[in-house]
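Please model the entire structure based on the sequences and the hints provided.
Chain by chain, the residues:
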Amino acid sequence: EVQLVQSGAEVKKPGESLQISCQTSGYDFSNYWIGWVRQMPGKGLEWMGIIHPGDSTIKYSPSFQGRVTVSVDKSISTAYLQWSGLKASDTAMYYCGRQPANFNYGYAFDIWGQGTMVTVSS
Amino acid sequence: DLQMTQSPSTLSASVGDRVTITCRASQSFSTWLAWYQQKPGKAPKLLIYKTSTLESGVPSRFSGSGSGTEFTLTITSLQPDDFATYYCLQYMTFGQGTKVEI
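Just so you know, the protein sequences line up as chains A and B, in that order.
Start counting the first sequence at 1; every next residue gets the next number (our numbering).
Start counting the second sequence at 1; every next residue gets the next number (our numbering).
Just so you know, these hints were derived from the structure itself, not from any lab.
Please note that the accuracy of each hint is not assured.
Some, not all, of what chain A presents toward chain B, calculated at C-beta under 8 Å [said to hold, decoys possible]:
| hint | residue |
| --- | --- |
| 1 | Gly42 |
| 2 | Leu45 |
| 3 | Glu46 |
| 4 | Ser61 |
| 5 | Phe64 |
| 6 | Tyr80 |
| 7 | Trp83 |
| 8 | Tyr107 |
| 9 | Ala108 |
| 10 | Trp112 |
| 11 | Gly113 |
| 12 | Gln114 |
| 13 | Gly115 |
Computed cross-link-like contacts, DSSO-like style, restricted to lysine-lysine with a CA-CA straight-line distance of at most 30 Å [what the hints assert, rightly or not]:
| hint | chain 1 | residue 1 | chain 2 | residue 2 |
| --- | --- | --- | --- | --- |
| 14 | B | Lys45 | A | Lys12 |
| 15 | A | Lys87 | B | Lys42 |
| 16 | A | Lys12 | B | Lys42 |
| 17 | B | Lys50 | A | Lys87 |
All figures in this text were calculated on a predicted structure; none of them were measured in a lab.
Virtual Cβ for every residue (Gly too), placed ideally from N, Cα, C.
In structure tokens:
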């Protein structure tokens, strides 16, 4: 069974660093991009960035470039989303999603993680 | 930057209704558009990819069409389980969402 399991909810203070994870199983990690999507409370979905585990190619949305870092650890089939200086405006649910590298699904994420809620408050 | 404009933002409908949601791209970028359904507190669920291909397990009352800069999600005979928010996605840009409510 294909699964993307995200790390648990986080509560942080402004200025702190954070890394959340997306652990995958049930498929060949190197053959699918892993992307990250933000959903602020009561708001819509925002595409943040995506990484290809096979060659570590990364693409960021201009809105998130320089604000977050995406990475992977192929040895444990896990993707990460990292902040170095959180702001209150980073409070949101963050989802990871899988995108087939052969573009059989176009640019769609076919399987999603359950989401990680990040709360940034002083 | 590519922008995706969904309409309407909110749609009031009844069980059995035919519902149409439109997504317009600010430029003709790709024919590959996806549609998602999201319920409160849940991750989005893929319904349609590559504009018109139904994801496995998705009921056939959902269909997608379009080309160029205009794309459509149609739900024929709305069911109680279909009341949710729907998003389109093209490349790196989501539409702002359409809430389908009773």
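Hinted contact Tyr80 (chain A) with chain B - closest CB pair below 8 Å | With Cβ-Cβ at 18 Å, over 8 Å, it is violated.
Straight-line alpha-carbon gap Lys45 (chain B) to Lys12 (chain A), limit 30 Å = OK: Lys45 (chain B) and Lys12 (chain A) at ~29 Å, within 30 Å.
Ala108 (chain A) as an interface hint toward chain B, with CB separation required under 8 Å = 4 Å, holds
With 8 Å as the cut and Cβ atoms as the points, is Glu46 (chain A) at the interface with chain B?
-> Holds - the Cβ of Glu46 (chain A) comes within 8 Å of chain B, reaching about 7 Å at its closest.
Does Gln114 (chain A) pass the interface hint, meaning its C-beta sits closer than 8 Å to a C-beta of chain B?
-> For Gln114 (chain A), the interface hint holds, since the closest Cβ of chain B sits about 6 Å away, which is under 8 Å.
For the hint on Gly115 (chain A), does the least C-beta distance to chain B fall short of 8 Å?
-> 6 Å, holds
For the hint on Phe64 (chain A), just tell me whether its beta-carbon gets within less than 8 Å of chain B.
-> With a closest approach of 10 Å, the Phe64 (chain A) hint is violated.
Restraint outcome when Ser61 (chain A) is required to lie within 8 Å of chain B by C-beta distance = 6 Å, holds
Would you settle whether the hint for Gly113 (chain A) is holds or violated, based on the nearest Cβ-Cβ distance to chain B being less than 8 Å?
-> It holds, given that the least Cβ distance between Gly113 (chain A) and chain B is near 7 Å, below 8 Å.
For the pair supplied as a hint, Lys50 (chain B) and Lys87 (chain A), is the alpha-carbon distance within the 30 Å limit?
-> 36 Å, violated
Quick one, are Lys12 (chain A) and Lys42 (chain B) close enough, alpha carbons at most 30 Å?
-> Roughly 23 Å separates the two Cα atoms, so the pair holds.
Hinted contact Gly42 (chain A) with chain B - closest CB pair below 8 Å = Not OK, violated: Gly42 (chain A) not within 8 Å of chain B, min 10 Å.
Taken one by one, the earlier hints fail for this structure at numbers 1, 5, 6, 7, 17, listed in ascending order.
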